[in-house]
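For the record, the sequence lines run as chains A and B.
So the first sequence is numbered by numbering that gives the first Met the number 0: it starts at 0 and just counts up by one.
So the second sequence is numbered by numbering that gives the first Met the number 0: it starts at 0 and just counts up by one.
Quick caveat, the hints were computed from the structure, so don't treat them as lab data.
Take these hints with a grain of salt, some might be off.
Note that identical chains are pooled: a pair holds if it fits in a single copy or bridges any two copies.
Said to hold, decoys possible - Capping the alpha-carbon separation at 20 Å, the derived lysine to aspartate or glutamate pairs in EDC-like fashion look like this:
1) 432 to 420
2) 295 to 313
3) 367 to 24
4) 266 to 344
5) 432 to 471
6) 126 to 347
7) 126 to 471
8) 367 to 168
9) 126 to 100
10) 143 to 446
11) 285 to 313
12) 285 to 315
13) 61 to 173
14) 61 to 165
15) 501 to 471
16) 501 to 173
17) 521 to 370
In this text the structure is predicted, and so the values were computed from the model without any measurement.
Number of protein chains: 2
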Amino acid sequence: MQGLMMNAPLNISALIRHADRFHGDTEIVTRLVEGGIHRYTYSDAHRRSRQLANALASLGVKSTDRIGTLAWNTHRHFEIYFAMSGIGAVCHTINPRLFPEQITYIVNHADDSYVFFDLTFLPLVEKLAPHCRGVKGWVAMTDKAHMPESSLDLLCYEQLVNGHSDHMEWPEIDEGAASSLCYTSGTTGNPKGVLYSHRSTLLHAFGACLPDALGLSARDVVLPVVPMFHVNAWGLPYSAPLVGAKLVFPGAQLDGASLMELFESEKVTLSAGVPTIWLGLLNHVKSQGVRFGTLKRTVIGGSACPPAMIRTFEDDYGVQVLHAWGMTEMSPLGTVNTFKSRHLDWPEAERQALQNKQGRVIFGVDMKIVDDEGLELPRDGQAYGDLMVRGPWICREYFKGEGGDPLRDGWFPTGDVATLDQDGFMQITDRSKDVIKSGGEWISSIDLENTAVAHPDVHEAAVIGVAHPKWDERPLLIVVREPGATVTREALLAFFEGRVAKWWIPDDVVFVDALPHTATGKLLKTKLREDFGRHKLPGT
Amino acid sequence: MQGLMMNAPLNISALIRHADRFHGDTEIVTRLVEGGIHRYTYSDAHRRSRQLANALASLGVKSTDRIGTLAWNTHRHFEIYFAMSGIGAVCHTINPRLFPEQITYIVNHADDSYVFFDLTFLPLVEKLAPHCRGVKGWVAMTDKAHMPESSLDLLCYEQLVNGHSDHMEWPEIDEGAASSLCYTSGTTGNPKGVLYSHRSTLLHAFGACLPDALGLSARDVVLPVVPMFHVNAWGLPYSAPLVGAKLVFPGAQLDGASLMELFESEKVTLSAGVPTIWLGLLNHVKSQGVRFGTLKRTVIGGSACPPAMIRTFEDDYGVQVLHAWGMTEMSPLGTVNTFKSRHLDWPEAERQALQNKQGRVIFGVDMKIVDDEGLELPRDGQAYGDLMVRGPWICREYFKGEGGDPLRDGWFPTGDVATLDQDGFMQITDRSKDVIKSGGEWISSIDLENTAVAHPDVHEAAVIGVAHPKWDERPLLIVVREPGATVTREALLAFFEGRVAKWWIPDDVVFVDALPHTATGKLLKTKLREDFGRHKLPGT
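Let the hints inform the model, and build the full structure from the sequences given.
Next comes the structure, spelled out in structure tokens:
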């Protein structure tokens, strides 16, 4: 027997329509890639999204077509999000920081029919175009006055928008239909596409706004530093219109001074980004001796947030850090670090230790840790195992079936090793493929690396497992010394004593000049395993 | 093209499973109907819900069966919510304050196979039973020691639960399936059933938790005074486990002293109820000279909240009032009164005036006002028209098609007349059927009644439209004087001058000893129109 409530599909167009109707004069502010500040409202954005939708139709774009973007966080990118998904096409955001060969692969794999790009990326686009034969047109996201010289026959974004009426009603779309696409680049193999749906996007937006997640309200002014090409800027372009929060887009200028200027002039209350960005911002703030006038909370994710950064924000500047964790495959939010009642009474040191964890599960995400056999391990904050997730905004397979069926018994394996406690706080201890299996027990390579870099003479460190006849694997420490430093193998190994369990201490140290990284800056452990996997350990 | 996210249906069982897994030791506290305080956790509640689910199966309850409850807010009622919906049956909450004939009608119309009841309602149940032939069993919600003597062959709740294992997995249920049922009693005709679905219930729970709605978090302790037989206690039994908030159930004792005792002993941070309840509580608090130790917010809805009550809570006690509006047909939340950024800078008097409105639309509900032809009127805070709503947690038709198709062009007519402003703030000015149409313009009967009762000699007042040869309708004021008061027709009409537009002033006054009301205390205007609809106005 069916319930008798309205059959109202969860459509992305409902977000911009809601923001227009009930938050119509709330502002969206952009630092333009061409220079200067652009300022308009949700009503304007909705109107121009409809104009763009009509323009897309005139270009022959059909529902389910993929359209690429190589773009910063701007009002135009925001319009593209809603225009494309609104008509049932798929908004395919591309990370311009990938290698050009990877981008070419992605554009061709996605069959993008058009690509919209910011002027910054013209040289990149001119390099890609000859290899992307399926692309019918390249659209420069600027006005006529700023249209660049190019070997390509470019379309002009503002001419497209202004050349069309805003008269249209968003079609009702099956909520399971694809709405946007984002490729994730692993350390091996080709990038794989995660194909979000209208439903997953809206449920994620609801979850992200919860008080125990980002706590978004109409009183917030949100500046997403995290790029819109990186998992839809963690969903903020959807969550903000859901609650009618003012949006501030920083465009191409992500340095501390430029961000701080916008924070203050636009009275930003919430921001979000990766630790590297905040490092730049904090350096600027410290060196200039300025303070945040209105910033209340900042979401830090993408990689583990250094404890010192949390303390600086909270203790020195009174800004709450929302330490968060997620994945492209998770839309991305999985956990956010907010306290429960009981933690408010904890001693400060314990509360601070808790904040270093990746956070608590929000409803919509279910999470467990399992052992090698797939059996669930206790949620006691001690046991660690492979972290598995499931829920309506989590990927069930990659675009075009790349990589086969990723699920195990209906759960998505995150590739992380983690602990979970009874309150749902999760802490990542390692990547599954990097964990070192020694005598049937697991050793966290991340913990060892963090310990190593705490030594003043260590510039960067990596730990990999190396084959061992008795223990299966033992840890090998690979170190880049600080310039001029001369720390020895013995001194480094002694440094671990008392800092980690005795049997975790690496069996050997290799000194190198540099460590290999991926295009997005991740440590390339596959290469290290190739080079040092057969390193002969002392005593073997 | 479908998105490639997990097909995870929105099921009510996911809420209790989540609360068990990640908020397992968070408490649920109940003032027992039998006396004393009961205290356990979400994990306990989940375990007992599974035991009850097995018990229901043993009674032959099948998916889609309706099961009635005549019960207060208690942990047992909470278990029933999750056990019944969890196995796909329909939890049918019945308002015990209705006339017994209405309850009989409702039980039979719903085809309830079992009815669960609190001991308070045994006399009522014994009266109903002979007329409810379809009910296979009446379950007393108590333990063996408290089982009452009865002419009926009663089942005992605790024996049922304890007699069964907790071993079961909640089945995956089509999210559109019916989960619960609540009848709404109008002033005319039989009560009509609103049949909620798993999907509508979960989406509503997400919406209710938003910072601009009730702002629920794991740091909250929630005491729903609003009954679980009244639109699922405004959804709080679902919203609280979604975020892991502690729940406090007041049982049958809703007097100020009993509530205050729980507020303080359990450190309640959020409560919710109708103005009448708060009146009793505030009287108690004032007379005892006590203060709220932990209460931060209180949701007031069900009928318009008197401005003085808002001021008392906020100014005298520092408790934020969340003035809210909804309907049984809306699950129920439609609007909640929370400020936008700009309102924070408004002069106090203007902010206070804004708080008297019913609040702002939350995402998930779309809202418009229309004229007699169904054309949308401006959202300018001035124009008023029939209030129409739509969205995924709004009713599309009543159970068994009672009353035919209620929708107009896909919108549900609320039966209210309201204004909407550009920020989405809605203010109800009248019921559609009570508004007085004079010379093509509308006059609000509620505004006139509020003006009349502001006169010290007026105990209660009603205004209805009476036929007029020139203006179609003109307002007639019907008044119950305060005991001993002698205010005259002329004095009363003079009282309106300067308080309402001149052409709104009633044409005549009738004094009566009492006004007719429904079982739930609403003014019965149909009866007044029967008795006074042909009243001869002066000058006609």
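Evaluated hints:
In the homo-oligomer, the alpha carbons of residue 432 and residue 420 never lie at most 20 Å apart, since the shortest distance is 23 Å inside one protomer and 56 Å across protomers. Taking CA atoms no more than 20 Å apart as the test, residue 295 paired with residue 313 passes inside one copy only; the shortest distance there is 10 Å, against 24 Å between copies. In this assembly of identical chains, residue 367 and residue 24 lie within 20 Å of each other by CA distance solely across copies; the values are 18 Å between and 44 Å within a copy. In the homo-oligomer, the alpha carbons of residue 266 and residue 344 lie at most 20 Å apart only across protomers (14 Å), although the nearest pairing inside one protomer, at 32 Å, exceeds that limit.
For the homomeric pair residue 432 and residue 471, the shortest alpha-carbon distance inside one copy (15 Å) is at most 20 Å, but the shortest distance between copies (81 Å) is not. Taking CA atoms no more than 20 Å apart as the test, residue 126 paired with residue 347 passes in neither setting, with 54 Å inside one copy and 60 Å between copies. Taking the closest pair of Cα atoms, residue 126 and residue 471 never come within 20 Å of each other, the shortest separation being 47 Å inside a single copy and 76 Å across copies. For the identical chains of this complex, residue 367 and residue 168 are inter-copy neighbours only, at 17 Å across copies versus 43 Å inside a copy, given an alpha-carbon limit of 20 Å.
Taking identical chains as interchangeable, the C-alpha atoms of residue 126 and residue 100 lie at most 20 Å apart only when both belong to the same chain, with a minimum of 10 Å there against 79 Å between chains. Proximity of residue 143 to residue 446 under the C-alpha cut-off of 20 Å is found in neither arrangement, the shortest distances being 53 Å within a copy and 56 Å between copies. In this assembly of identical chains, the alpha carbons of residue 285 and residue 313 lie at most 20 Å apart only when taken from the same copy (14 Å versus 40 Å across copies). For the homomeric pair residue 285 and residue 315, the shortest alpha-carbon distance inside one copy (10 Å) is at most 20 Å, but the shortest distance between copies (42 Å) is not.
Proximity of residue 61 to residue 173 under the C-alpha cut-off of 20 Å is restricted to the intra-copy arrangement: shortest distance 15 Å within a copy versus 31 Å between copies. Taking CA atoms no more than 20 Å apart as the test, residue 61 paired with residue 165 passes inside one copy only; the shortest distance there is 18 Å, against 52 Å between copies. For the identical chains of this complex, residue 501 and residue 471 are intra-copy neighbours only, at 17 Å inside a copy versus 93 Å across copies, given an alpha-carbon limit of 20 Å. Proximity of residue 501 and residue 173 under a CA criterion of 20 Å is satisfied in neither setting, with 57 Å inside one chain copy and 53 Å between copies.
For the identical chains of this complex, residue 521 and residue 370 are neighbours neither inside a copy (26 Å) nor across copies (61 Å), given an alpha-carbon limit of 20 Å.
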